[in-house]
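K.L.:
Go by the hints and put chain L onto chain H.
Number of protein chains: 2
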Amino acid sequence: MYKIFGVFLLGVILWFMPVPEGMDPQAWQLFTIFIVSILSVVFRVFSILLASVLGLVLAVFTQTLSPDQAFSGFSNDIVLLIVMAFLIAKAMVKSGLGIRMALLLIKRFGKSALGLAYSLLMTDMLIAPAFPSNTARSGVLFPIVFSVAQANGSDPEKGTEKKLGSYLMFTSMAGIGLSSAMWLTAMAVNPVGAAMVSGYGVDIHFANWVLAASVPTMVAALLLPWVLLKVYPPEIKFTPSAASFAKEELKKRGGMSRNEKITLGIFILLVMAWSLSELFGIDRTATAFLGLGLLLLTGVYTPADIRKEGEALVTMIWFAILFAMSMALYDLGFMSHVGLLISKEIEMLSKPLAFLVLVFIYVLFHYLFVSQTAHLLALFGVFISAGADLGLYVTGLAFMLLFATNYFSVITPQGSSCNVLYISSGYISVEEVYKYGGLLTLFFFVIYNTVGLAWVFWIF
Amino acid sequence: MYKIFGVFLLGVILWFMPVPEGMDPQAWQLFTIFIVSILSVVFRVFSILLASVLGLVLAVFTQTLSPDQAFSGFSNDIVLLIVMAFLIAKAMVKSGLGIRMALLLIKRFGKSALGLAYSLLMTDMLIAPAFPSNTARSGVLFPIVFSVAQANGSDPEKGTEKKLGSYLMFTSMAGIGLSSAMWLTAMAVNPVGAAMVSGYGVDIHFANWVLAASVPTMVAALLLPWVLLKVYPPEIKFTPSAASFAKEELKKRGGMSRNEKITLGIFILLVMAWSLSELFGIDRTATAFLGLGLLLLTGVYTPADIRKEGEALVTMIWFAILFAMSMALYDLGFMSHVGLLISKEIEMLSKPLAFLVLVFIYVLFHYLFVSQTAHLLALFGVFISAGADLGLYVTGLAFMLLFATNYFSVITPQGSSCNVLYISSGYISVEEVYKYGGLLTLFFFVIYNTVGLAWVFWIF
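The listed protein sequences derive, respectively, from chains H and L.
Note that our numbering gives residue 262 to position 262 of the first sequence, counting from 1, and the numbers run on in steps of one.
Note that our numbering gives residue 1445 to position 445 of the second sequence, counting from 1, and the numbers run on in steps of one.
If you're looking for bench data, these hints aren't it; they were derived computationally from the structure.
Cβ atoms here follow ideal geometry from the backbone N, Cα and C, with glycine treated the same way.
A couple of the hints might just be wrong.
[To be verified] Simulated crosslink set (EDC-like; lysine to aspartate or glutamate; CA at most 16 Å straight-line):
hint, chain 1, residue 1, chain 2, residue 2
1, H, K308, L, E1157
2, L, K1308, H, D305
3, L, K1111, L, E1248
4, L, K1308, H, E157
[What the hints assert, rightly or not] Calculated Cβ distances over 12 Å to all of chain H for the following chain L residues:
hint, residue
5, G1201
6, R1253
7, L1296
[To be verified] What the simulated footprint calls covered on chain L by chain H, stretch by stretch (three residues with Cβ under 8 Å from a Cβ of chain H suffice, anywhere in the stretch; the number is not a length):
hint, segment
8, 1057-1071
9, 1275-1288
Here chain H stands alone, though its shape is the one from the complex (with noise of 0.2 Å):
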């Protein structure tokens, strides 16, 4: 109850202070509602979707947005390409090619948790350079987690969560953040961000981009199953049988059934559609809306089975209110205005003070965003100005910027529409994602600013 009354304090109490100077006073009401809503969420005064639903209806009958922009991110086509994305997912563990697939994994890595979870990563990394969405790459992987989770007994309906698949779910989740930063290819925003920096003579490409990162990348991508062992630790590390039990389990099966056999050739159909996207300008949404309908269409996945999935409606309600508040705060000129009051603030520190102090702060700023594409063309910009203003490194800083733009997905529930997916599954909460991804997105900064950033100043 005090906590209730202590968000609705601090609510009352930004929303009535001054306005900062220079700032639309539209700006600051909306960024009042937006905050609160998700620490009445981080704080666990709110489950999400209640603090999406009040922070949409106080928006709107104070004027603060329209109606028209507090609806808007129903029909953003990132949300619906997750909705999608979440459908298909079920889909393709109906048909049973999920759990083959899961088995075959589980065949070959399957002794051990870390086994699998580095699997899922290495099989993250391989397909990312082709993958120029993220979100459209969970919507791949997720489906092959899910079946892992569930061929070892660990489904979050019985209550098992905690036995494996929360482990795995959490390592693939913060994965896609280390695959995105990998190559520039790898998310739809990493070449606008090496665009922006050619105008201060620094060149980013292909090959270079790779190079850069992968020192860093590598050394987390190692750590990270690693550290969510001992954080988050699944409740089974060893699973000696798994393999053998893998393999009759496979054998039973026999041959691919004619609905696995469908949904395959649907897979692949999305996954090339997918990657080849950006080249021939494909639609991912309306791709994935293909893929429903060829799986509707072949009776694969029928009406009735999407009647069980409001749970995609959940996630689409809290997800398309939280998008639609963040754009409109970019929209606004929120961020930009609070950038450039940032930088004026450093100018003392010295150099490799500052350089860190604005990476970190480029990272913390993430909390007030749902999309990693708005954050770089809010900040991004900003923050390299100002670096370049104080004389820092500013090829370092680029890249330690546009890393930080993919590693940080895991802060927030929302932070990364990749995130919605895998916590729809019930084996993670938006409160642990909130507590363990804060921290592995802290740790992911110490990495790449220390080895990342050495290993850049070596190479370039």
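P.N.:
Showing chain L alone in chain H's frame:
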């Protein structure tokens, strides 16, 4: 199989037909996709979900619609209002308030299916003048109808929907079209139409609208439950012991529980806000979000409850897609173009025949519309001006077209957002709406254009 082929063939023929002179080729392509999607539902080739998803995919991949246009329905406020109304209705049922209201109704009118049907219609008629949004009104009525059905042991999950529920649902769904026709203020677009004919010297206001509407609407409302009893009969028509059962059941339940009281309070708040929304500029959809927020805040309804409501997601997907397509068809000028063509074609008919043909075609056109508002905006002006040019009785034509804009809501599943809620219940299938909804629309057309027209002619 031959049906799939037939629909496919029709689509190909329409697609490659020469575009009617003066029409935007994109409008013709979209019309082809839209009409083929709808026909594939009418002829049971595809489910309405699959037809919509495939329609969206075709529209985007042929570049008939941009992805943004195709997805826009998901953030439309009417679509979101329906989704929220769906969830609030479920919360009303869960709290027990729905059943209590249903038992009170059964206690008084529950001796026969007909008695219940009339009492539901009457409730609707009485609250309608205060509800400028028929969609919001369906949100109020639906949970009561649902609970009446459940209290009588009629439940689609047990295969007993035809026992009583289907009949009551259909009566109430068609009844909303009649209650909307009864009052100038019972549907958002009625006053718009009234304003549009003032240029022709026809002065329509609250009092003469209800006077003109009273006779045909009363006749239609009196006949509706009886007609449906013949063509779409419930399995049980008489429930002589229902009243005493309801009385006993109410006694057993005792006073209202905490959750019932809270739900009732929220319900009254919503009804008040919805009925005053026009007056004070309160956003109807944000009000619905507020309703859901309060239900979640008080714990009457929980995120876990919503996780079971995948049906709301299915409904949202197909309705949002059809909504967006129909609106785009309107924006591209398809509707008014064809309206003008038709008005030229009927020049040679006798005046009374031209009058009836004009109204009839206006009604038929509703197969293409998902929004009654868009229908009126697109065609009402065209048809009135065509009638005036032909020297028809403009006052009568104005009323006949305005009444039609309300009663034809039941012609297709997507003909009004209200229907969507009733269909989502599982008591009424999409195919049944095409069949019996079409029949009822024809029936209403006859009543309004005989009895109604004579009455309007006599009083003015």
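K.L.:
Determine for every hint whether it applies to the structure shown.
P.N.:
Quick rundown of the hints versus the structure:
1. Restraint check: the Cα-Cα separation between H:K308 and L:E1157 comes to about 13 Å, which is no more than 16 Å; the hinted pair holds.
2. Only pairs whose Cα atoms come within 16 Å are accepted, and L:K1308 paired with H:D305 is accepted, the gap being roughly 12 Å.
3. In summary, the hint linking L:K1111 to L:E1248 is supported, as the alpha carbons are separated by about 15 Å, within the 16 Å threshold.
4. Of the supplied pair hints, the one linking L:K1308 and H:E157 holds, its CA atoms being roughly 13 Å apart against a limit of 16 Å.
5. No Cβ of chain H comes within 12 Å of the Cβ of L:G1201; the nearest lies about 37 Å off, and the non-interface call holds.
6. Once the 12 Å rule is applied to beta carbons, L:R1253 is consistent with being away from chain H; the minimum gap is 28 Å.
7. Chain H draws L:L1296 into its interface by the beta-carbon criterion, the shortest separation being 4 Å against a cut-off of 12 Å.
8. Three residues within the 8 Å Cβ limit are the bar, and the segment 1057-1071 of chain L against chain H gives 7, so the coverage statement holds.
9. Only residues whose beta carbon comes within less than 8 Å of a beta carbon in chain H count, and the segment 1275-1288 of chain L has 3; three or more means the coverage holds.
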